[in-house]
Structure formats: structure tokens, C-alpha cells
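This is what each chain is made of:
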Amino acid sequence: MIVRMSKVEIAGMKELLEDTLEVLREEGIFQIETETVGFIDRAEEEYISTFSMDQKALSEKLLLEDMKVRLEELFSLMPKITTRRSYIEPENIIDTLRRLLPGHIKFLEGLMKKKDLLQRELSELIRYKNFMDAIEPIIGEVEKTEEIDFIGLTIKEPEAIPHLRKLLFKITDGRYELFTNRSSDGTLAGVLITEKRLSEIIRKALRDERIPEITLPSTIEGLTFAERLRIFNEKIEEINRAIQEINSEVQRFTLRWKPLYDRTLEWIDERLSIMKATAHVFETRMCFIIYGWMPSDAVTTLSRRLTERFGGRVTLIEKEIFEEDLERIPVMLKNPPYFQPFEVMVRLLPLPRYGTFDPTPFIGLFFPIFFGMILGDAGYGIVLLCLSIFSLRRFKKKKNLQDVSRIIFICSIYSIFFGILYGEFFGEVGHKLFGLEPICIERRTAVIPMLYFALAVGLFHVLIGLLLGVITGIKKRTKKEAIAKSIDILLIIATVIAVSALCGIIPERFVSPIITLIIILLPVLIITGGLLAPLELIKTIGNIISYARIMAIGLTSVLLAFVANRLAGMTGNIIAGAVVAGLLHLINIILGVFSPAIHSMRLHYVEFFSKFIEPGGRRFEPFRKI
Amino acid sequence: MEKVLIAFAAALAIGLSALATAWAQSRIGSAGAGALAEKPELSGTVIILVAIPETMVILGFVIATIILTTK
Numbered sequence: 001m002i003v004r005m006s007k008v009e010i011a012g013m014k015e016l017l018e019d020t021l022e023v024l025r026e027e028g029i030f031q032i033e034t035e036t037v038g039f040i041d042r043a044e045e046e047y048i049s050t051f052s053m054d055q056k057a058l059s060e061k062l063l064l065e066d067m068k069v070r071l072e073e074l075f076s077l078m079p080k081i082t083t084r085r086s087y088i089e090p091e092n093i094i095d096t097l098r099r100l101l102p103g104h105i106k107f108l109e110g111l112m113k114k115k116d117l118l119q120r121e122l123s124e125l126i127r128y129k130n131f132m133d134a135i136e137p138i139i140g141e142v143e144k145t146e147e148i149d150f151i152g153l154t155i156k157e158p159e160a161i162p163h164l165r166k167l168l169f170k171i172t173d174g175r176y177e178l179f180t181n182r183s184s185d186g187t188l189a190g191v192l193i194t195e196k197r198l199s200e201i202i203r204k205a206l207r208d209e210r211i212p213e214i215t216l217p218s219t220i221e222g223l224t225f226a227e228r229l230r231i232f233n234e235k236i237e238e239i240n241r242a243i244q245e246i247n248s249e250v251q252r253f254t255l256r257w258k259p260l261y262d263r264t265l266e267w268i269d270e271r272l273s274i275m276k277a278t279a280h281v282f283e284t285r286m287c288f289i290i291y292g293w294m295p296s297d298a299v300t301t302l303s304r305r306l307t308e309r310f311g312g313r314v315t316l317i318e319k320e321i322f323e324e325d326l327e328r329i330p331v332m333l334k335n336p337p338y339f340q341p342f343e344v345m346v347r348l349l350p351l352p353r354y355g356t357f358d359p360t361p362f363i364g365l366f367f368p369i370f371f372g373m374i375l376g377d378a379g380y381g382i383v384l385l386c387l388s389i390f391s392l393r394r395f396k397k398k399k400n401l402q403d404v405s406r407i408i409f410i411c412s413i414y415s416i417f418f419g420i421l422y423g424e425f426f427g428e429v430g431h432k433l434f435g436l437e438p439i440c441i442e443r444r445t446a447v448i449p450m451l452y453f454a455l456a457v458g459l460f461h462v463l464i465g466l467l468l469g470v471i472t473g474i475k476k477r478t479k480k481e482a483i484a485k486s487i488d489i490l491l492i493i494a495t496v497i498a499v500s501a502l503c504g505i506i507p508e509r510f511v512s513p514i515i516t517l518i519i520i521l522l523p524v525l526i527i528t529g530g531l532l533a534p535l536e537l538i539k540t541i542g543n544i545i546s547y548a549r550i551m552a553i554g555l556t557s558v559l560l561a562f563v564a565n566r567l568a569g570m571t572g573n574i575i576a577g578a579v580v581a582g583l584l585h586l587i588n589i590i591l592g593v594f595s596p597a598i599h600s601m602r603l604h605y606v607e608f609f610s611k612f613i614e615p616g617g618r619r620f621e622p623f624r625k626i
Numbered sequence: 627m628e629k630v631l632i633a634f635a636a637a638l639a640i641g642l643s644a645l646a647t648a649w650a651q652s653r654i655g656s657a658g659a660g661a662l663a664e665k666p667e668l669s670g671t672v673i674i675l676v677a678i679p680e681t682m683v684i685l686g687f688v689i690a691t692i693i694l695t696t697k
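Protein chains in written order, with the numbering used here: chain A, 1 to 626; chain B, 627 to 697.
Be aware that one or more of the hints could be misleading.
Just a few of them, taken from the derived set where beta-carbon distance is under 10 Å, the chain B residues facing chain A [what the hints assert, rightly or not]:
id, residue
1, Ser669
2, Ile674
3, Thr681
4, Thr696
No farther apart than 25 Å at their CA atoms in a straight line, the calculated lysine-lysine pairs in the BS3-like style are these [claimed, not checked]:
id, chain 1, residue 1, chain 2, residue 2
5, A, Lys399, B, Lys665
6, A, Lys399, A, Lys56
7, A, Lys334, A, Lys476
8, A, Lys56, A, Lys276
9, A, Lys397, A, Lys334
10, A, Lys398, B, Lys665
By construction, these hints were calculated from the structure, which means they are not laboratory data.
Because the structure is a prediction, the values reported are computed rather than measured.
We treat Cβ as the ideally placed atom computed from N, Cα and C, and that holds for glycine.
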């Protein structure tokens, strides 16, 4: 249901503003109103203005905002690890922390810079090593003389080699050798051997072609392959050790300081949220005034708390709600535990306006019934029941998942119930194994009775929707709307009786009085509901027919289960049959969760809600701790 | 011959309405996905919009069933 709200004014001495906001934030039941419409009388307007911060508060705000930015910078340099919670109150040491913070950022930045350089050096070394590993076996046998030069290359695209060879042939007139080999990191390493006098021209051509040359560090020039390898390995090990040391140091620093800085950031956020809230506060010469909304049943508690805390220097006054306020009253939904999970479905749509109906209890009542009617298989119901229980126990901290699991739990019970009524347990397996017989209807063969049943359910559901629409109209004092909806109800019932009489379900003598009634009611409908009202009536009849999907989707579900069992029987092998049946039933269960859920939701959103819900409610967002 | 015509009529009733629903849902679905990318809070409205054309195929199915079962 939609919680009854009160329009509230809190006023007190200016110096008590921050403490009052602190109390409101702790209570978390008060939504501060940013607009003054409906709160300030015209006569009072000249004495009331928006609250402006004094110089001290303003400089504190700027200081805290600056510190928050710096703290976020510090956290970005720290590894993401879970640390203990600090219970030190930052308020008392905030100045010390503010002085320490730049030094800590500098310290971490220095370590990160050092680590970055080492990592870059390491990747270079690994690149050289990979290159040497690939090239050395090829050029090891080439005689090294004064006239010969070696140019190392990394070739990214192997397709470029023919083009490179053509280019080299043109420059050197064929006086070159190019060896390539795949290195361990997957790139193609190459070495170009040519005369020393040609090497400069070749290097320039390679630069023009954007083929990167690899030049080995001068310290290892002239060393043997084994010596180079040893030096590389030693250096890599040394760098890895240095990186490890930096990581340990950062870890130690984080474990020591992060809890305190976490708590500080939390405290800063709390302070800033109070300061930001002052932007929506009003003031007179001596007092502050806060306007807002809160649940009516909490007004006394908050009033008592304010009196106890401030000894009457801060007062709470409940103001009269006018008709023009209705648009601005925030909407808060509160339902009994059974219906609460279904609020997830209501939240998918815009909230209903204050003063109308909360659709949650209706979804809670009808959604599982429709779901059960469509799925209607005790076997599938048991599987869903087990899955929902597992999910409820496994994901205790995920609220949305808990809500969805609860909905599936309730729906699975209805599926089992309807499965027993239809005599279905994994299709006709129940009948074969333990002689399960349909109690009321066999869906696979009784298509038309099932269609009538679905339409009857639709008629009942839509009429409830229209009845709620009538009540909403009366509550809103829109008489014409209420009368039009009442006539809609009468006309629908009359149409159903007329159709039943024409089909021979009830005696034909009812036809003529009913048609006379329809002829009388139609003009009244046009007068009260407008020219489009008959069209709306036809749409409503279409809505009722739309409930035929309960039969249609249910029939596909039962036929799929039937096919799964038939195919399993046709394999002629117990194991293959069990696998085929298991897989097909699994597909049917997956479809059986989505399809009935989507269609039941649609029946509510489109067919049912359109009769009484007025969207456009403003969400209740109280001022509270984040 | 009559049986063939009855079966053909039922097939047309379900087939054409299924095609119409598919076409409508494809257009609404792509537009809805685009809208959701910019405004995720519209998910409820988009579900409704995508579900609206389904009535056509349901009605087609009902008509096909009535054609096949009426003697």
C-alpha cells in the first residue's frame, strides 16, 4: 500500500541547524522539499529567504571537498584489498590527516613511478631475450668480420616479408641476407646481414617502412650467446625482486593507513551531505526552516526526538495538505512481508501517484496464480521449488536476488498445485509412474474448456481492475470517470451474458433485455467518458480476450513435455532416452520460467494496471546515511 | 478437400498473425534496446511495448484452435 504522508515544517534557532540535520539524517525518514510552493504563505514570503552559509562553514566545505579529492587520489594508488575497520573519530585528527595526506600521496606516487620504470625495463629485457632466443641459432654460424653488419628487426606482419625483400634487393643490389624465426612471444624476429657501407641506407629505408629495428644494449655487445643469456636472466630476476619489494611496501602502507583514510572519507561524506542539505533550507533573521515530507505514523516519534534533543528550541509542525500538493507528495510503498518481493515488479514501472492504489498486493495475489496456471506441472514446480530454496540460502546478501527467489518459490507452489489439478508431472510421466489423473481438466485435449477458463479468469481480473478504477475516481472526486468505469463494468457483464445466451449456455430469453440495457447504457457512457469511451470499451474486451494466452502458452508447455517423453521413448535405449528426456525437459523448464513470467507480467502491466493506475508518482527519497 | 482447406485456414490464421507479431516486435525491440541504452529506467515500459503485439499471435492461435476444433 501507499504510505500516508504528512507535510511537515521544522523550525529552530539558526545555530542548531547542523545538529537538526544530523538528527534527520540519523532517523532517515524525512524528505527535504526543495520547492517552497504550498509551504510558504504569500504574506510570509518577504521574511523568508534561502539559507546562506557563513564564511566559516563555506571555507570548511571547500576544505573538505579538496580533501575528498585528495583521498580519492590516494585510494586510486592503493591496491584493492579488504582492510579492517577503523574506529578512530577523524573529527579530532582531521588537521593532522590533512597535513599528512600530501606526503602519503607523494610517497605512493614515487613508488608507483619506480615500479612503472622497472616494469618497462622488464618488458624491454624480455623482448630482447625473446629476440635473441629466436635469432641466435640462425646467425651463430655466420662469420663475424669488420665489413659485415647485423640489423635486428621485429616483423609484425609476416605478409610484409616479400615486400621487404624486394625493397632490400633494390637498395643493396642483392648484397644482403635476411633470416627470420618465430620468437616465443609469437612475433616474427628477423636479422638482416649486409655490408657495413650499406647499413645506414637500409636503416633509413626500414624507418620509412615503419619496421622497428632492435638494438641491443651496448653493455652486452661482443659477449657470447651464453653470457648474454646469463646477464639477461640475472637482470630479469633482479627487476622482479625489486617490483616485489615495491608491492610489499605498498601493501604494508595500505594495511596501515587505509582503514583510517576510509573512515575519514566516510566522515567527510557525512559532513558534506549535511552541508549540501543546507542549500534546501530557508531562514528568517533568527531561525532556520526546513520543509518536507515524512510518513504520518513517524511524525510523533520525530517530534519527540527533536524535543528531547533540543529542549523545545526546535519544533516540528504538521501542515495542512492542499489539493495542489497532491502532485508533489512523495510515494513510499510499504507492504506485508508476503507481498514485499513483488515490489520489484512494481519498480519496473513509473510509481503510481499519491492517493491511488499500490498495485503490489494485486501482483502478489494474481501473478503466482497466472504463473501456476500457465506452467501447471508438478514436476517442473518441484524443480523450481528446489532451485528457489537453493538460491534463497546461497545468496542471502543480494536483496534483489532474494526477492526474485521468493517470487519463484511462491510461483512454484502454485505450479505444483495446478499440476495436480491438471494431472501433470513432467508431462504424462506422473500418470505412467504413479497413475496421476487430472482432477479438473486435461489441458492437452480439453483446449476449448481451457480457453473458456482462461477467458473467465481474464473477465474476473479486468473487472477487478475496473472496480479499482471506480474507487480511484471516487477518491479523486472525478465523478464522470467513476461513472464511465461503472458503466464499462455493466456493459462488459451485459455483453458476456448476451454472448452466453447466443451460444446457448444460458436461456435465450435473456438476450433482448440485455441488448436493451446495452442500448440504454451506451449514450450514458459517451456522455460521461467522451466520444472515445466506446473505443475504450472495445479495447477492454480485447484485454479480456488477451487472457487466452494463459491457455495458449500452457498448451505449448504441456505439448513440449509430451514431445520430450515421446522422443525419449522412441530412442529404444534407457540411457539415451533419459538423456533426451532430461535435456528436453530442461529446455522446457527454462522456457517454463521465462514464458509464464513474462506473460503474467504483461497481463498485469497492460491489461490490469491500465484500468486503475495513474503513473507519475514522485519517489520518496529521505535524507539519510548512504 | 474440406479437411485440407480447414487445415490451410488454421495455418493462415496462426502463420500470418505470427509473422505480423514478429515484424512488430522486431521494430519495437530494436527501438526499445536503443532507448534502454540511454535510459535504463525505461525497462518496464519497454517490456510492455514489446509485449503488446503478442496479442495478435495469441488471437491467431485462438482462431486457429477454434477452426480446427469446431465441427
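### Task
Could you work out which earlier hints the structure fails to respect and list their numbers in ascending sequence?
6
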